[in-house]
Every structure is written in C-alpha cells, then in structure tokens.
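Enquirer: Listed below are the residues making up each chain.
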Amino acid sequence: MSNETEAPAPRRRLFVLLPLLVFLGLAGLFLSQLLSGRDTSEIPSALIGLPAPQTSLPPLEGMNLPGLESKSFAGRVTLVNVFASWCAPCREEHPVLLGLSQDKRFTLAALNYKDQPENARRFLGELGNPYQAIGVDPAGRAAIDWGVYGVPETFVVGKDGKIAYKHVGPLTPDSVRALLLPQIEKALSAPG
Amino acid sequence: MKARFSVASLVLLLALFFAGAAQAVKPDEVLQDPALEARARALSGGLRCMVCQNQSIDESDADLARDLRILVRQRLVAGDTDRQVMDYIVSRYGEFVLLKPRFSLRNALLWGTPVLLLLAGGLFIVLSARSRRTVPDSALGAEEQAALDKMLSE
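Those protein sequence lines, which keep their order, are chains B and W.
If you read the first sequence in my numbering, its first letter stands for residue 69, the second for the next number, and so on.
If you read the second sequence in my numbering, its first letter stands for residue 2, the second for the next number, and so on.
A couple of the hints might just be wrong.
Here are some of the chain B residues that sit facing chain W, going by a computed Cβ distance under 10 Å [claimed, not checked]:
id	residue
1	V84
2	S109
3	P112
4	Q122
No more than 25 Å apart at the CA atoms, straight line, and that leaves these computed lysine to aspartate or glutamate pairs for DMTMM-like [as the list claims (entries may be wrong)]:
id	chain 1	residue 1	chain 2	residue 2
5	W	K101	B	D107
6	B	K230	W	E96
7	B	K182	W	E30
8	B	K182	W	D68
9	W	K101	B	D213
10	W	K101	W	D81
11	B	K182	W	D29
12	W	K27	B	D213
These aren't lab readings, by the way, just hints derived from the structure by calculation.
We treat Cβ as the ideally placed atom computed from N, Cα and C, and that holds for glycine.
If we strip away everything but chain B, and leave its shape as in the complex, we get (with noise of 0.2 Å):
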C-alpha cells in the first residue's frame, strides 16, 4: 500500500494532463481556421500545374474576336475568365477585368458560359470588352473539362500552356493585388 501513496509518480501527472493538451491543441487549430478568414467552399483546382485542357471554342459571333483555342496559349501568359451575361459577380468583376485588359503583357481571353450570344453582347457592350479572344460553350461541357465549378472563375495559363493558378469567384481590386497579380508576374517571369 505504501508504494502507492509515496510515489504518485510525476510521470503520472503529465498523463493527467494529455487530455487538456490534447483539447487545447485541437482547439488551437480549429481556431486557426476559422479565423483564417479561408472560403471553405472553395475547392483548388486539380488542374494546376497540368497542361490547359485541349478547348477549341468558335467565337462569339458579331465581336470580330477568335474563339478560344488552347493552341494559342503556348509562349504568352494568358488569362482565361468563365463568364455569363446571367451571372451577377460577373458584372460585378467587370470593372476589374478592364482594368486588367490595360496591361498588355498578358492576352485576356473569355469563356463565355452557357449563354445567349446575343445576351453576351449586350452584357459586353453595356459595360465594354476586356477581352481579346471569346470562346462559346453553351452546353458547357468544355468548362466541365476545365474544372469549372462556379461562374466566375479565372485562369492563368502560363507559357508552357500550363494552368498555374485559378481564382473562383469574381475578382476584386484587392483579390488581383494580393492574388492574381502575383501569379501573372510569377508566369511572366517563367522562362519558356
């Protein structure tokens, strides 16, 4: 019996102790995430790092632009932007879109979602073209092969037709600052 009352061993008291640092650990992490501020909902893509899917999309008729051909992606960057004329955060976006179309480092070209071309007109001539080539794909089936998940999303292709990086969502002034821009100048930069 002595044994026992003379030896409540300290490694026994760290034992004691596991499940709160255990807790606490957890409850750190979880914590982390949360205030990370991170969209769960947003799913990286599977596609990064991997060739552009091979996409040939005829162009969006009565703009005198190219459709959308991955062919052409090879020795520019180029910036691939899923849009709909029914999609709100499009409309949203679009200022920032034409900002981008300003720099002409970058070719900026459009996937035009599941649209009326005439409705994608308008949506373009009410609120101006940042776009340099607009492939059409109203049944959808070429952005199912991009992985596209939620109107808007944008891409961008580096020189070696690689996909290095997607935005999902429409872009905002700090989103390009932080985000985007960053991943154009990394693609910029990339020989190839």
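Since the structure of chain B is already known, use the hints to place chain W on it.
Expert: Using the frame of chain B, we list chain W on its own:
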C-alpha cells in the same frame, strides 16, 4: 361524410405515393438501357455536387449536377467503364468530387487514423494493466511480516 373521408384519404395516399418518386433526375435524362441507367445512378450517387458540396449529383437540382449526370450517362453509353468515368471527373475536379475518398497512399492517414488510434488505445490499456500487475500484492515489510507471524503463532 364517410364518402368524403375516403376521397380525402385516397388523395393523401396518392400525394404520398408521388412524393416518394420526386427526384433530381429528370425523365429526359434516364437511359433506355436499365443496366446502364443503374450504373449511372450508382456512379452519380458517389459524385459530389461541387455547387452544393453536401449532396451527390444524383440528388442535386443544380445545373452543373445535371450536366454531370448527362456526361456520366453519355460516357457510359459510349462504352466507358465505371472506373474511366470516375477517373475523368476526378481529373477535372480533384478527389474532393468523390463522396467516398479513394484508398491510396495520399489518403493513407485519413483511412489509417482510426486504426492507429485503436492500436494506441489498446497498447495503453495493455501497458497500464501490466504496470498495475507488477505492484506487489502484499506490501508488508520484513518487520511487519515477522510481527504478523508472531501474532498468528500465538
């Protein structure tokens, strides 16, 4: 009175019957071949709707879910195996699209954690049981034992 009641119950029965049949899959999507359709239903039951994220594309009314249901069916009709269909969609949307993650090296920790925890718990129980056993049952010192012996012999 009685006739009206039975009509009401008939209407209720019919309503319940058709409520059970309400589904996201539209009649125009259903394939002619029941075997292919069954495979399509099974596959789309395991694919996450990326828009709603907690529903399968088989249950979701989202446009993208409908497009993917049709894509799954077209690929099956074209002769793809189940695995090929799933591989294509995973290659586009990542493994998150699978409601049941695959068993692979990358997911080893995900699948292995419960087993590891169980083993750790078992080990803890075995070790603590063994350490308890090593505590001597009678902790009488030599003097105490001698005193006890003396008492007993008296």
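Enquirer: All hints are to be evaluated individually against the structure, with a verdict given for each.
Expert: Hints and how they fare:
1. The criterion of a C-beta within 10 Å of any C-beta in chain W is not met by V84(B), whose closest approach is roughly 13 Å, and the hint is violated.
2. For S109(B), the shortest C-beta to C-beta distance to chain W is roughly 6 Å, which falls under 10 Å, so the interface hint holds.
3. At about 7 Å, the closest approach between the beta carbon of P112(B) and any beta carbon in chain W falls short of 10 Å, and the interface hint on this residue holds.
4. With a least beta-carbon distance of about 13 Å to chain W, the hint placing Q122(B) at the interface is violated under the 10 Å criterion.
5. Between the alpha carbons of K101(W) and D107(B) the distance comes to roughly 22 Å, so the proposed pair stays at or under 25 Å and holds.
6. Restraint check for K230(B) and E96(W): satisfied, since their Cα atoms lie roughly 20 Å apart, inside the 25 Å limit.
7. The hinted pair formed by K182(B) and E30(W) meets the criterion: a straight-line CA distance of about 19 Å does not exceed 25 Å.
8. Distance restraint check for K182(B) and D68(W): the Cα-Cα separation of roughly 11 Å lies within the 25 Å cut-off, and the hinted pair is therefore satisfied.
9. Of the supplied pair hints, the one linking K101(W) and D213(B) holds, its CA atoms being roughly 22 Å apart against a limit of 25 Å.
10. The suggested pairing of K101(W) with D81(W) holds, with an alpha-carbon distance near 21 Å, which does not exceed 25 Å.
11. Proposed proximity of K182(B) and D29(W) is supported: the alpha carbons are some 19 Å apart, at most 25 Å.
12. About 23 Å separates the Cα atoms of K27(W) and D213(B), which keeps this hinted pair within 25 Å; it holds.
The structure fails to meet hints 1, 4 from the earlier list, while all remaining hints are met.
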